[in-house]
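Colleague: Sequence:
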Amino acid sequence: MKAQARRGQRSQALIEFSLVSPILLLLLFGIVDIGRAVFYLDTLNHAAREGARTAAHASNQLPTNADVLATVTTQMIGASVSSPCPQGPVTSTTPPSNTAWLYITEPNPPSTVEPTPPPNAPGGEYPASASGSCSAINPAGGNQQLEVTLRFNLVLITPIVAQATANHIVFTAAAIFRTEY
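Residue numbering for the sequence shown follows our numbering, starting at 115 and increasing by one per position.
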């Protein structure tokens, strides 16, 4: 009689675990997603500051968009960075999964193409006309401000949370520095 009671208790524990385990796994993966989100948000802010520092720094050779992109790419661990329109406009379009878009613009840039913008590029860039959906390039100088903006699309790994957030969360980080040249 006692052997049957013990076997019944073991199967009861197995059934209870099978009922509770999906909730525990959802909590575990939710915590992992929150940790990833905090990590990428902090990394994004740091990369924007470093990119703005590179764009504003005076040296023998003035910085270019490529220099800023290289600096931001080294700071964004585990995520790719591209600059579809470096001088803007900063659009509300969602970047590809786990990818950041880099913009180097004047502070508070408009969301439309600027054919004749105020200074919106590092001093090492050459002036260029607007092309397609990208604003014209107008290098900064004379201690003007430049803003480096990063938009990052984080795709979550927890299925229920991913569905609740339309399968992505877009973070934006910006830093404004006054040029040293």
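In short, the hints are calculated from the structure, not lab data.
The beta carbon of each residue, even a glycine, is placed where N, CA and C say it ideally should be.
Misleading hints may appear alongside valid ones.
[Said to hold, decoys possible] Quick list of simulated restraints, FRET-style, between CB atoms:
no.: 1; residue 1: S132; residue 2: S196; range: 42 to 52 Å
no.: 2; residue 1: T208; residue 2: I129; range: 19 to 29 Å
no.: 3; residue 1: S196; residue 2: Q126; range: 24 to 34 Å
no.: 4; residue 1: S125; residue 2: P198; range: 54 to 64 Å
no.: 5; residue 1: A244; residue 2: V275; range: 35 to 45 Å
no.: 6; residue 1: L142; residue 2: T230; range: 48 to 58 Å
no.: 7; residue 1: F285; residue 2: G246; range: 22 to 32 Å
no.: 8; residue 1: N281; residue 2: A244; range: 27 to 37 Å
Colleague: Is the hinted range of 27 to 37 Å satisfied by the C-beta distance from N281 to A244?
Modeller: holds, 33 Å
Colleague: Is it true that the C-beta distance of S125 to P198 lies inside 54 to 64 Å, as the hint says?
Modeller: Because 58 Å falls inside the window, the suggested range holds.
Colleague: Could you tell me whether the CB distance from A244 to V275 stays inside 35 to 45 Å?
Modeller: holds, 40 Å
Colleague: When you take the CB atoms of L142 and T230, is the distance between them in 48 to 58 Å?
Modeller: holds, 54 Å
Colleague: Is the hinted range of 42 to 52 Å satisfied by the C-beta distance from S132 to S196?
Modeller: holds, 45 Å
Colleague: Is 24 to 34 Å respected by the C-beta to C-beta distance linking S196 and Q126?
Modeller: At 55 Å between Cβs, range violated.
Colleague: At the C-beta level, are F285 and G246 separated by a distance inside 22 to 32 Å?
Modeller: Roughly 26 Å apart at Cβ, these two residues keep to the hinted range, so it holds.
Colleague: Does the beta carbon distance between T208 and I129 stay inside 19 to 29 Å, or does it fall outside?
Modeller: Taking Cβ atoms as reference, T208 and I129 lie about 43 Å apart, which means the hint is violated.
The structure fails to meet hints 2 and 3 from the earlier list, while all remaining hints are met.
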